[in-house]
Amino acid sequence: KAGVTQTPRYLIKTRGQQVTLSCSPISGHRSVSWYQQTPGQGLQFLFEYFSETQRNKGNFPGRFSGRQFSNSRSEMNVSTLELGDSALYLCASSLIGTATDTQYFGPGTRLTVL
Amino acid sequence: QKEVEQNSGPLSVPEGAIASLNCTYSDRGSQSFFWYRQYSGKSPELIMFIYSNGDKEDGRFTAQLNKASQYVSLLIRDSQPSDSATYLCAVNTDKLIFGTGTRLQVFP
Numbered sequence: 007k008a009g010v011t012q013t014p015r016y017l018i019k020t021r022g023q024q025v026t027l028s029c030s031p032i033s034g035h036r037s038v039s040w041y042q043q044t045p046g047q048g049l050q051f052l053f054e055y056f057s058e059t060q061r062n063k064g065n066f067p068g069r070f071s072g073r074q075f076s077n078s079r080s081e082m083n084v085s086t087l088e089l090g091d092s093a094l095y096l097c098a099s100s101l102i103g104t105a106t107d108t109q110y111f112g113p114g115t116r117l118t119v120l
Numbered sequence: 002q003k004e005v006e007q008n009s010g011p012l013s014v015p016e017g018a019i020a021s022l023n024c025t026y027s028d029r030g031s032q033s034f035f036w037y038r039q040y041s042g043k044s045p046e047l048i049m050f051i052y053s054n055g056d057k058e059d060g061r062f063t064a065q066l067n068k069a070s071q072y073v074s075l076l077i078r079d080s081q082p083s084d085s086a087t088y089l090c091a092v093n094t095d096k097l098i099f100g101t102g103t104r105l106q107v108f109p
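Protein sequence lines, in the order shown, are assigned to chains A and B. So for the first sequence, my numbering puts the first residue at 7; every next one is plus one. So for the second sequence, my numbering puts the first residue at 2; every next one is plus one.
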C-alpha cells in the first residue's frame, strides 16, 4: 500500500506571497492532520480534517487554512507569508482520526520564506 | 508547563547497551501514547504505540506506560548505531501533541 505523499517537496517563496501544499493520504484513510516542524518549536499541530470537515485546530493564525476533498486528499494554504513560516510542513493520515488511531506521516514539504 | 516533556539530550550509549528514553505529559485525559523516530532530514516514523498501563514489547523495543505518574518511556535493547536519531513522544487526547524529542547517539 502506498504511503502518504506530499507535494511539492521543496518550496521557496518571498514574504507576502501565499503558498498551497498538497497531501494524499494512505488509501482508505479518511483523516488528515497537518503539522509544522521548526527547530525551535518542534512539531506543532495545525489542523485535522475528516470527511471534508475541519474537526480540530491548533493555535495558529488565520493565515493558515486548509481543506479536504471528497477523495480525502487535503491541501493547506498559507497566505501573506512571513519569515517565521519557514518550516517543514508534515501531513499525517489515519483511518478515522480517533485518539487511538495511528497517524502515518508523509515526507513533508520544506518551505523557505525569503 | 509543556504538555509533553522530553529531555532533549543527546543521550549517548555504546553499541549493544540499553537506551532509555523518557517522557512526561500533563493531561490526565490522554488516551494513547506513541513513539516516533525521526532521522535528520526525514519525517517521523512510528515505532510503537501503547494505550494501557504496563509494558509492551516489540522486538528490541519496549514501551512502558504509567498513567498514575503520567509517564511513558521507551527502552531500546541492543542499541545499534542505526538507532541514532531523534525520538519523539506523542500523546493523544483530542489531537496528537508531540514532545520536542530526545536525540539518541549510539556509538560503536
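Worth flagging that the hints you see were computed from the coordinates, not collected in a lab. All values reported here derive from a predicted model rather than from experimental measurement. Take these hints with a grain of salt, some might be off.
Claimed, not checked - Taking lysine to any residue and the SDA-like style, the derived pairs with C-alpha atoms no more than 25 Å apart in a straight line are: (1) B/96 to B/23; (2) B/68 to B/43; (3) B/57 to A/101; (4) A/19 to A/76; (5) A/19 to A/68; (6) B/43 to A/76; (7) B/68 to A/50; (8) B/43 to B/30; (9) B/96 to A/18; (10) A/19 to A/8; (11) B/43 to A/43; (12) B/96 to A/19; (13) B/96 to B/15; (14) B/68 to A/89.
Cross-check of the supplied hints:
1. B/96 to B/23: Holds, at roughly 21 Å.
2. B/68 to B/43: 31 Å, violated
3. B/57 to A/101: 23 Å, holds
4. A/19 to A/76: Roughly 29 Å between the alpha carbons, so the hint for residue 19 of chain A and residue 76 of chain A is violated.
5. A/19 to A/68: 19 Å, holds
6. B/43 to A/76: Status violated; Cα separation ~29 Å.
7. B/68 to A/50: Holds: residue 68 of chain B and residue 50 of chain A sit about 23 Å apart, inside 25 Å.
8. B/43 to B/30: 31 Å, violated
9. B/96 to A/18: Judged against 25 Å, a Cα distance of about 29 Å means the pair is violated.
10. A/19 to A/8: Outside the cut-off at roughly 29 Å; violated.
11. B/43 to A/43: The given pair, whose Cα atoms are some 11 Å apart, holds under the 25 Å limit.
12. B/96 to A/19: Not satisfied, since the Cα-Cα distance of roughly 30 Å exceeds 25 Å.
13. B/96 to B/15: Violated. Residue 96 of chain B to residue 15 of chain B sits at ~36 Å, over the 25 Å cutoff.
14. B/68 to A/89: With Cα atoms ~40 Å apart, residue 68 of chain B and residue 89 of chain A exceed 25 Å; violated.
Going down the numbered hints, you'll see the structure goes against 2, 4, 6, 8, 9, 10, 12, 13 and 14, while the others check out.
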